[in-house]
Every structure is written in C-alpha cells, then in structure tokens.
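Trainee: As a plain string of letters, each chain reads:
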Amino acid sequence: MSFLAQVRAVTAVGLSSVPARLGTSMVIVIGVGAVVAVLLGALALATGFTKAAARTGSPARAIVLSGDTEGDGGLPRESVVTILNAPGIRSSPGGEAIASAEMITFIGLRHPQTGLNASAAVRGVGPQAFTLRPEVKIIEGRAFARGARELIVGRALQLRLGNIVPGATIPMPNGDWTVTGVFESGGDAHESELMGDVDMLLDANRRNVFNSVTVALDGENGLERFTAALQGNPTLTARALREDEYFANASRAVSSLLMLVAGGIGGLMALGAVFAALNTMYTAVSTRSSEIATLRAIGFGPGAVAASVLIEALLLALAGALIGALITWFLLDGSNVSAMTGISPSQLTFGLRVDAGLIVTGLATAVVVAALGGSLAAVRAARIPVANALRMV
Amino acid sequence: MKMLFLVWAGLWCKPTRTVFTLISLAVGFLLFGLLQGLSSAFAAATSRTQADRLLVAARFESPMPQSYLERIRSVPGVTGVTWTAILPAFHQDPRNGFALISTDPISFYEVRNEYKVDPRQLEALLRTRTGLLVLESFAKERGWKIGDKIAIGSPVPREDGAPWTFDIVGFTTNPSHPGSVPFALAQYNYVNASRAGLKDRATRFVVRIADPRRSLDTAEAIDKMFANSAAPTRTQAENEFAQSDMATIGDVRRLTVAVIAAVFFATLFLTGNVVRQSVRERTAQFGMLKTLGFSDTRVLAIVAGEALLLCLLGAVAGLAATAATFPFIASYLPNLSGFLGTPELSSTVLVLGVVSAVVLMILSTAQPAWSAMRLNIVDALRMRT
Numbered sequence: 080m081s082f083l084a085q086v087r088a089v090t091a092v093g094l095s096s097v098p099a100r101l102g103t104s105m106v107i108v109i110g111v112g113a114v115v116a117v118l119l120g121a122l123a124l125a126t127g128f129t130k131a132a133a134r135t136g137s138p139a140r141a142i143v144l145s146g147d148t149e150g151d152g153g154l155p156r157e158s159v160v161t162i163l164n165a166p167g168i169r170s171s172p173g174g175e176a177i178a179s180a181e182m183i184t185f186i187g188l189r190h191p192q193t194g195l196n197a198s199a200a201v202r203g204v205g206p207q208a209f210t211l212r213p214e215v216k217i218i219e220g221r222a223f224a225r226g227a228r229e230l231i232v233g234r235a236l237q238l239r240l241g242n243i244v245p246g247a248t249i250p251m252p253n254g255d256w257t258v259t260g261v262f263e264s265g266g267d268a269h270e271s272e273l274m275g276d277v278d279m280l281l282d283a284n285r286r287n288v289f290n291s292v293t294v295a296l297d298g299e300n301g302l303e304r305f306t307a308a309l310q311g312n313p314t315l316t317a318r319a320l321r322e323d324e325y326f327a328n329a330s331r332a333v334s335s336l337l338m339l340v341a342g343g344i345g346g347l348m349a350l351g352a353v354f355a356a357l358n359t360m361y362t363a364v365s366t367r368s369s370e371i372a373t374l375r376a377i378g379f380g381p382g383a384v385a386a387s388v389l390i391e392a393l394l395l396a397l398a399g400a401l402i403g404a405l406i407t408w409f410l411l412d413g414s415n416v417s418a419m420t421g422i423s424p425s426q427l428t429f430g431l432r433v434d435a436g437l438i439v440t441g442l443a444t445a446v447v448v449a450a451l452g453g454s455l456a457a458v459r460a461a462r463i464p465v466a467n468a469l470r471m472v
Numbered sequence: 483m484k485m486l487f488l489v490w491a492g493l494w495c496k497p498t499r500t501v502f503t504l505i506s507l508a509v510g511f512l513l514f515g516l517l518q519g520l521s522s523a524f525a526a527a528t529s530r531t532q533a534d535r536l537l538v539a540a541r542f543e544s545p546m547p548q549s550y551l552e553r554i555r556s557v558p559g560v561t562g563v564t565w566t567a568i569l570p571a572f573h574q575d576p577r578n579g580f581a582l583i584s585t586d587p588i589s590f591y592e593v594r595n596e597y598k599v600d601p602r603q604l605e606a607l608l609r610t611r612t613g614l615l616v617l618e619s620f621a622k623e624r625g626w627k628i629g630d631k632i633a634i635g636s637p638v639p640r641e642d643g644a645p646w647t648f649d650i651v652g653f654t655t656n657p658s659h660p661g662s663v664p665f666a667l668a669q670y671n672y673v674n675a676s677r678a679g680l681k682d683r684a685t686r687f688v689v690r691i692a693d694p695r696r697s698l699d700t701a702e703a704i705d706k707m708f709a710n711s712a713a714p715t716r717t718q719a720e721n722e723f724a725q726s727d728m729a730t731i732g733d734v735r736r737l738t739v740a741v742i743a744a745v746f747f748a749t750l751f752l753t754g755n756v757v758r759q760s761v762r763e764r765t766a767q768f769g770m771l772k773t774l775g776f777s778d779t780r781v782l783a784i785v786a787g788e789a790l791l792l793c794l795l796g797a798v799a800g801l802a803a804t805a806a807t808f809p810f811i812a813s814y815l816p817n818l819s820g821f822l823g824t825p826e827l828s829s830t831v832l833v834l835g836v837v838s839a840v841v842l843m844i845l846s847t848a849q850p851a852w853s854a855m856r857l858n859i860v861d862a863l864r865m866r867t
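Chains as they are written, first to last, in this note's numbering: chain A, 80 to 472; chain B, 483 to 867.
Just so you know, these hints were derived from the structure itself, not from any lab.
Hints may be right or wrong, so weigh each one.
What the hints assert, rightly or not - Which bits of chain A does chain B cover? Going by a derived footprint, with three or more residues having C-beta under 8 Å, they are:
(1) 131 to 141
(2) 344 to 354
(3) 439 to 450
As the list claims (entries may be wrong) - Some chain B residues close to chain A (C-beta under 7 Å, calculated; not the full set):
(4) Ile-505
(5) Gly-510
(6) Ile-632
(7) Ile-634
(8) Pro-637
(9) Ser-697
(10) Thr-738
(11) Val-739
To be verified - Some chain A residues flagged as far from chain B (calculated, every beta-carbon gap over 10 Å):
(12) Ala-125
(13) Gly-194
(14) Leu-195
(15) Asn-196
(16) Pro-206
(17) Glu-370
(18) Leu-469
Model, not experiment: these values are computed from the prediction.
Where a beta carbon is used, it is the ideal one built from N, C-alpha and C, also for glycine.
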C-alpha cells in the first residue's frame, strides 16, 4: 500500500468516528469559526476605511490650510484673495481661477431610527466648486442655487441618515434650509457631507473666516509655483499640500491603528484557538488510541497515522473557517459603517466588503491554527506504543 | 481543606489538558481585559472632551434672566447647571483686557470640572464678597498676589459710580486649555448687585447632561421652554467635534461587545467540553467517592469547584497579562494615549472579569456537574477506567 493510500484509509477511519466525538471536535470548529468571524470583520473595517480614504483627493489639486486640518485655524477673506491670485492655479476659459474657498460647520441632526444625535458637516463651497471637483455629480434633484438657503446632500450621508431627501429641510442658525439634491463623488470623504453656497453659510454663522481653499493645479509644476508663491508671501500663514497626499496622511494613523487592532485581536484569538485545537486533537488521539494501535498492528505506518490526525484537524478548522466567514459575510458584507476618522470633519461613511481576498486570509488562518494545534497530537499518535495500547482493549 | 485537596488533585488529573485549557482561557480573558480597558478609555475621553455639556445663550439681543436656572434644572436629562454673567474688563490699560466672569462658584466648579482651584481658596472666595480668583498665568503676568486689592475698568460701570475693586483670594487653572483667554472669577451676588445695568441677567448657562448622545433632545427641550418668552434661548453643544465623536465611541463599544461575545462563546464551549470530558473519564472515581460516603452535593461541589478554579486561574492569568500589556500599548501608540489617556485595568474591569469567570464556570459545568451528582454508584463502578 502506498503512503498516500495509507493516509487515505487511516483518515477515513478517523473521520468515521468524528460523529462519536462530536463535542470535542466541535471545539475546533467553533473556536476557529470565532477567530475567523472576528478577524474578517476587523479586516473588512480596516480595508473599507483605507479604500474610502484612498479615493479622496486628487494629485491635480492642492488644499490650502492655516492649521493642521480643516477643523483648526482660519483664512480671512484677504488671505483668500491673495491665494486665489497666486500663480500655478488653472484658469477657466472665462479667465477665473478654478478654486473654491470653503467653510465647514456642523449641524445637529437626528438619526431617524435611534433618535440619537448624528451631527454632519456642511461645506460651503465657492462658485467654481463643480469645475474644481468634476467627480461631484448630482444624481437626484438639482444643485443648490447660489445666494439661496439651499443644500445638496452626499450619498453616503443620505445612506447614513435616510431622511435627508430633496425637499427636506435642515435646521441652520438662521432658519431652515432646503435640500435640493443628492450628489455622488466616487465614494470619497466628501460624500459624507452636505454642500451649499459658502457666502450664504458664512452669513448664516456670522463668520468671515474660511477653513480651507482648494485649487486646481496648472500643468506639471503647478504645485511648485503655487507653494513657492504662498511661502514667499509674508502676509500669509497658510501652507499648500497636494490634496491626495493630505488625505492619505490624515488617514494613515487611523488605517494603521485599525490594521493593528485587527491583527492584534485576530492574532490573540488564533493563539487561544491553537491551544483549544491542541486539546481537542490530544483528546481525539487518546480516545482513539486502541484503534490507532490496531491500525499500526495491521501494518499502517506511523507517518500515515500522524498525517491522518493532521488532516482531521485541518478539515475541522476549515469547516469552522467557512462557518465564521459565512457569518461575517452575512452580517457585514454590503453594510455601511460611519466613524470619525480624522480625514474629514464629518463622520466618514464607508462600505464593508467581505471579498475573496479576505476569505482566503480567513482560511489561511484556519490552516495555521490547525497545523500548530494538530502537529503535536499527530506526533503523539505516531508514537503510541502498539503493545501497551492494545493491552488496554 | 480535604475538599480543596480533592479539587486540586482533580484539576491536575490530566495536566496537559489543564494547561492547554488554562492558556486558552487566559488568552480569552486577556482579550476581554484589553477590549474592556480600551472601551472604557474611550468612554473616559468623552467626559474630557466635554461632549456632555451644553451652552445656553440668548437667541436674540434680549439677555436671559438669571431665573431661568431653576427651569433649566428641571429639564429631563439635565444633571447640573451653572450660570455666568460676563463683563469685559481691563487692568490699568484697556489693552490688558480680560473677562470678568461672575458666577455661583460652587456650581461653576461642579459643572466646569476642567477648571481647578485649591479648595481653601474657593472657600475664601465664598467668604469674601469682593473676592476674585484669577487665572494663574494671567495673575503671574500682572504680578498679582493673594491679598492684593485691585481696581479694574469695565464698560459696565457700578451703580454708585465708584470704580470696581476686588480682593484677590486665589488662583485657578484650566489644565486642559493652558493658553486660554485671561479671565477672573467673581461672585455673581456682588457683581450683580453693584452693576448699573443688566440686573439679574445671565450671559449664559452651562448645562451638564446625562447622555451626550441625546444632547439634541435636551437642547430642544430647553429652547422650547423659553420660545415664547421675552428672551428666547439658543442651546448648543459646547464642543460639536466631541459630539460627533460620540457616535464613534458608541460604535467602539458595540464592536467590543460583539468581539467579547464571540470570545466568550468559544471559551464557554471549550470549557464545557473539558469539564464534561473530565467527568466522563472519572466516572469510576466519583463512584468510589460516593461509596466512601461522599454525599451527592459534595460530589457536585468537587466538580463545580474544579471548574471554578480553572476559570478563575484563567481569569487571573489573563487579567494579569492585560495589566502587563497596557503600558506597552501606551508606549506603542502615543497618539492614542494622548487622546484617551493611558489605558489601565480599572477595578470595574477586574470585577467584570471575575464575574464572567464565575458565569463561565456555572454555564459550562451545569450539565456535567448535575450528571456527576445523579451518578448511581453501581453504574459508576461498573465502568472500569
């Protein structure tokens, strides 16, 4: 009998007795299932966020801030005029700088289901904002009119709160504003915000300071010319950053934290599962010791016996991994999560995907757990002293 | 004592199994401790960011009567209120401006708990009608000492035309905002009785609420109450950024609970199996004990005691590992500990850990311990092991 045939036969004998040892065998299935479910959930969160962050910002634009983020510092109107006249900004056919001086404010909304607070950011944008951000597309209703108390809502925010539809009103400091449309911007961070006319918004909040200016860069060395001009101007305390780099930097801390948490929790749970698997497989070997001794006595080699123990552990772990992955897929796939993430002043809403890549990660974890947990028991199975074990029958 | 020996001996009947189970349990409790610790650190960050505070100001020009205090206090969800009447003030030169905050000092320090003051100096302010507590950095800048009598200028004059004078009784600090605008705290009673205009009016009320996630409800209830009065109010969260952080903190807690539930379920299954296995293998042993005169309840106690010891040892090891890990996490994630404070093993988490260990033991041993108790001696001894 070849080694493979031996392995097949011994494994079949072992597996046939699994139903009789269902309780202990299920420890591996459930243990690995829990590991994979939690690990995939955490990884889906981390990758979902990283993808949403990576979609925000463009290398062809620069953002000007006076502080570290849009939330702190402020740019007075004089600074904005200086910035808009700086070289390196692309102009529209009409000769205007393609740029938008923006203001951010927060409004208190309510979650329609829970009634709890759900604050959202409102971004006041300049007249060139839609030329500046061609990715912003109205998918329902119409854009806000300049000089009107009107807003458009991002699709992600609408998904989060549901009740902001065209025609709805939003309470602002100077009375209710009307939502006129819904916009999409390729799933980036701005989709979690509301947008309106910056002058109306400054007026409503009795403010005259902007939070940021975003400009379209002109040509190859637009950024260099633009930053040089800002740095060379002693009246300005503002710095320009390439927009995509700004968002990537802002998201890096949260991204790495999420990956660390996913790895840490998943790793610890996997460690616990390894010892649970060790327990199960040791118990399996000791309950089957006379059976294994019999197999050895009729000529099956120790290698085949060891392999069969390992295979059994692998199969149980893979079954657990599939169950865990299915649970996570069922609970999380396609759902949306919102969180304060540091890359946008509003809560960023992003989608979770339990895709093939994640499932493979889950299965690989299961294989590692089974290999670590099963190998010691496999060695013990191979070393069962045949004569002693048979005497126990 | 004898019982304890039997329990201990029983636990080490199969040492490999016990060690493996203990390690699994310890890892489970380590996860539990880490997640709970982080979750409570997030929750503690909430109160530091003052997400649980609302500011009530006049909606239009007409200033609010101080008598709104009692009505605001009666709003459901409000746990504390203080009020301030703020006068613009300066010392010697209008360029040395500061805010003269007149308030009820006791409720002020209760609600605005980020401000610190020596209790004896607060006591002195309460005793001295013309007393003044000055922001420490500002007092240093002006060279003021306790006992100084200072005259200050303000666009709001005194009724009697005399200059405003105060006695410096102490200093106050705001460690969370060291560079804040200069201010000094005075007794509302004195300032209000002496000022020429705006009698019995408050500049704003500071409200502490029970649930930051319901701040909108509370704010609306307050504004609604005064909507048709001569001085309508506008109530807002003190820190809008912190308000939106709240939702994230809610999510963190929910995720934590989900992970802990998964860990607990897996651990429960594992422990239950180990105990069941152990009881099954030792059926003859238990039969022997009963033959020797051990009552059913004592056999039950031995099985339960073994499981309890197993769970508690696992919990102690896991929580000890948690305590050892937190400083490491804090040093690895300086940003996180800046925002959250150093995560630490609180007594709540410890108690929760021990309680879960006991629950785990009860759930996992109920069935095997019951069957060991009901064991019939004849049947048990027939099973030779």
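Trainee: Could you run down the list of hints and mark each one as holding or not?
Mentor: Hints, verified against the model:
1. 131 to 141: It is violated, with 0 qualifying residues against the three required.
2. 344 to 354: holds (count 7)
3. 439 to 450: violated (count 0)
4. Ile-505: Status holds, d = 4 Å.
5. Gly-510: With a minimum Cβ separation of about 6 Å from chain A (threshold 7 Å), the hint on B:Gly-510 holds.
6. Ile-632: violated (34 Å)
7. Ile-634: With a minimum Cβ separation of about 29 Å from chain A (threshold 7 Å), the hint on B:Ile-634 is violated.
8. Pro-637: violated (21 Å)
9. Ser-697: Where the cut-off is 7 Å and the nearest Cβ of chain A is about 6 Å from B:Ser-697, the hint holds.
10. Thr-738: violated (10 Å)
11. Val-739: violated (12 Å)
12. Ala-125: Answer for A:Ala-125: holds, closest chain B Cβ roughly 12 Å.
13. Gly-194: Check fails; 7 Å does not lie beyond 10 Å.
14. Leu-195: Violated, because the least Cβ-Cβ distance between A:Leu-195 and chain B comes to about 4 Å, which does not exceed 10 Å.
15. Asn-196: violated (5 Å)
16. Pro-206: holds (27 Å)
17. Glu-370: holds (17 Å)
18. Leu-469: holds (17 Å)
Going down the numbered hints, you'll see the structure goes against 1, 3, 6, 7, 8, 10, 11, 13, 14, 15, while the others check out.
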